[in-house]
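S.K.: Each chain, written out:
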Amino acid sequence: MSLEYITNIVHEWLYANLNATLALFIEFFIIGVLVIGLFAALGLVLIMMERKVSSWMQLRIGPNRVGPGGMFQTVADTIKLIVKEGMTPDSVDKLLFNIAPFIVMVIAMVVMAPIAFAKGFQIWDINIGVLFVLAVSSISVIGILMAGYSSNNKYSLMGAMRSGAQIVSYELSAGMAVLTIVVLSGGLRISTIIESQQTGWWIFKGHIPAIVAFVIFIIAVTAETNRAPFDLAEAENELTGGFHTEYSGMKFALFFLAEYVNIFVVCAIGATLFLGGWMPLHFGNWEGFNHIMDYIPSSVWFVGKTFFLIFVIMWFRWTFPRLRIDQLLQLEWKYLLPISMFNLLLATVVAISGWHF
Amino acid sequence: MGLGNYIKEVASGVKSLLTGMKVTGRLFLRHHKDKLTEQYPNNKATLTMAERFRGEVVMKHDENNEHACTGCTACELACPNATIKIITRFDVTPEGKKKKALDTFVYHLQLCTMCNLCIEACPTDAIKMAQTFEHSVFDRSQLIKKLNQPGSKIRAGVE
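Chains as they are written, first to last, in the working numbering: chain D, 1 to 357; chain L, 1 to 159.
The shape of chain L in the complex, shown without the other chains (with noise of 0.2 Å):
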């Protein structure tokens, strides 16, 4: 190693610790503006989570307390655990055929680990992810959760 590639050496190493030390040091300066920390049970009313926060799974209904969940069962074979139980009664239409429906959707909060596939799953698109995170309770039973809003039908035209 010649003395140039010594010094070279040297200059670029102190140069990179410099680089480093200004990128600190601006941060020190600006952080009351650029800080990160949520102050979590402070900031409630203006806390915003992610869009892909995977918080627990809901389904929607539209404001005439209609679902698109046909009862197909896709989901609760798509879940990896057993979180989804889909208990389903027979409808009789007006010309007397009967017809599958959905009738309770059990959702077990306590097995679930957001997997995202039981909604990857839906061909109806019935079923979606929502941001809650405040989930404890003080009995397991709690946790247990049925998905459909009591009176809710399924949409016309969804199969």
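The shape of chain D in the complex, shown without the other chains (with noise of 0.2 Å):
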């Protein structure tokens, strides 16, 4: 009973007992329906993670009162949230205001389109899968900047002038990264790249030129999804929350709910490209161990390393303390962007002499 099974079966009794279109439109529907819920899932189940993981490191013990454990803080929190009234300030720009976190929201979910959860439990698999990930998250700034702008309000266009630089600049080094593995699989099909792990990742197979490359493309996400050490477009200390300073109720809480989708959209592609997506752990001919590891669901795997990448990024944060503007751009110009070009470069030679695995 894997995902892909059960998807073909939903496709074919549809096509069998509906006409094409309003098939279609049924799998659109169910389609939207699954992301939805999964972006709830993953608001609840990621601050729930990142309350957890910062209150470890800091020896603390957590949200611990609500459900089990502290299970059910983040419903509580949720359900405050939405009962809260969404106000929207008298002199900012009413339009854009309102529709900034949607736009926010909406381009997370669009970068969800080409990410293979599953064996065979894809969205869409297009053929620049990479390049129109790379593409798409970046017009989330646009998003940050109508906030910033819209509110009519120092701090908050500060806050988004200051996310639009470091998102410009990161994202340069995320593809530069991203290129790395591509020229090693030779495919920009999100597909052709998992199926090019089947005897290995990529960390493992790709030598120095992957594992630089997995550095630098981690560092560059952590910083396109504005989290600390890089959050200085919300730098709570200098501007009073930043680019969200004047929205409150539902509003807040889809900003805060697209950043740590963001996050996992983010891991989701680190995991595919480094870690082989859904790909089990494949070492070239040990046949007994490969089996084994068969028998664990692709899902698990997915989903496993996509957690995992979300812990090390969440102890990024609990860890280094945040950057000045001018050392974020420095470490960006100076260090990330000269040493992934070099390492294109590195990466080209590996994989046109054969080096790789």
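All the given hints hold, so there is nothing to weed out.
Pairs of lysine-lysine residues, derived as DSS-like cross-links and limited to a Cα-Cα distance of at most 30 Å, are as follows:
#1 L:146 with L:44
#2 L:35 with L:15
#3 L:97 with L:153
#4 L:85 with L:60
#5 L:99 with L:60
#6 L:128 with L:60
#7 D:205 with L:22
#8 L:22 with D:334
#9 L:100 with L:153
#10 D:94 with D:84
#11 L:8 with D:334
#12 L:100 with L:85
#13 L:146 with L:99
#14 L:15 with D:334
#15 L:145 with L:44
#16 L:8 with D:205
#17 L:15 with D:205
#18 L:44 with L:33
Rather than coming from a laboratory, the hints here were simulated on the basis of the structure.
With the hints as a guide, dock the two chains, each given alone in a separate frame, to form the complex.
M.R.: In structure tokens form, the structure reads like this:
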């Protein structure tokens, strides 16, 4: 009973019993419901995880009152945010102010499209999958700029401008790191990249270039999702919350949710590119070992790898102090970009000479 | 900046970041043993306050219900916000002499900032800071306390 099997049954049943157009729309609807459901679940789980990880790293206990072990704390928080008044301040640009959280949210949803959640369980296996993710994820800066600009508040505007500078710069090295894997695997399609890791994940097969690219990718996506130590866009102690200073209630919750969903998406992409997506851990010709690994379902592999990367990013957040804006740009333009350019060159040499396994 | 310096800088940066991650990673794995949070209302039975915690001023009494306060008002003078009011009386000694003695030690808890100046000022070490901290009451008149116990008298030999 794999996810692929279930989706195939549903697909065949719909097309056998309904006309093609109606069946297609019903599939759209099912996918929409699933994505929104995944959003809600991710928001609850990831915020809980963040609070627990942070408290454990600081030798605290964390939320432990609502439900067993504090499990329902985020549910209670969500209910509180839903019943709060969604206030729109008087002097804001009403249209931009109100649609900004939805734009950020929708971008996070669109990036979900090419992610392979399990074997054969993917919304859209587009032939430029990786490029699509890079292109669409950079639109979210427009939502943030919109929120900051329309708030009519100097802190919001400064936060949004910082966020813009940051995302535009770090996109470069994230793109370079992704290109390294594209060069090694020889395809932009997500399924091609995963298939190329049949004999081992790229982080093992790709020698030094893959490892360097992985480190650079993790640093760059931490910056792209505006998380500490790169959370200058909200920098509580300088900007009282940055671009979402003026937001409250559910509109604030949407920004908050979008941040966590973005983390999930970039970690899923990282897991797909470097850790083999849903591909089980295979080593060249150890038949027995590979066979045992195949018994673990592919969705478990995907979720496990993704949550491992999410944990690493949370680990960053609760360890490192925040960078200054000049240090932030220095890190990108003086260190990450030259290193990733050189690394891409090295990866090309490795790929051409066929030195990878 | 030469290439060698550049590489050295990157390497030392990565090393220091990994050192930081090692610390938090270790704490993450050990949190169940080392956690610092006091689950206050639940651990009332085992809660121990730090020795230097300053909760309120109390007067020391020994088993004979005797204290060491001579009523000299040094604490009252030392108090920066009039928390302490000392009422004295004159006892007549067996020799027929009048002697100043403590009648009532009035302590206004609601005014006290726990600054410890009264304890430092006391020449006979009669008062001390207690570790109690659950001071909330429903009526503020309950915050005005009488520190010397009823029927207590000064310990013999304390001048």
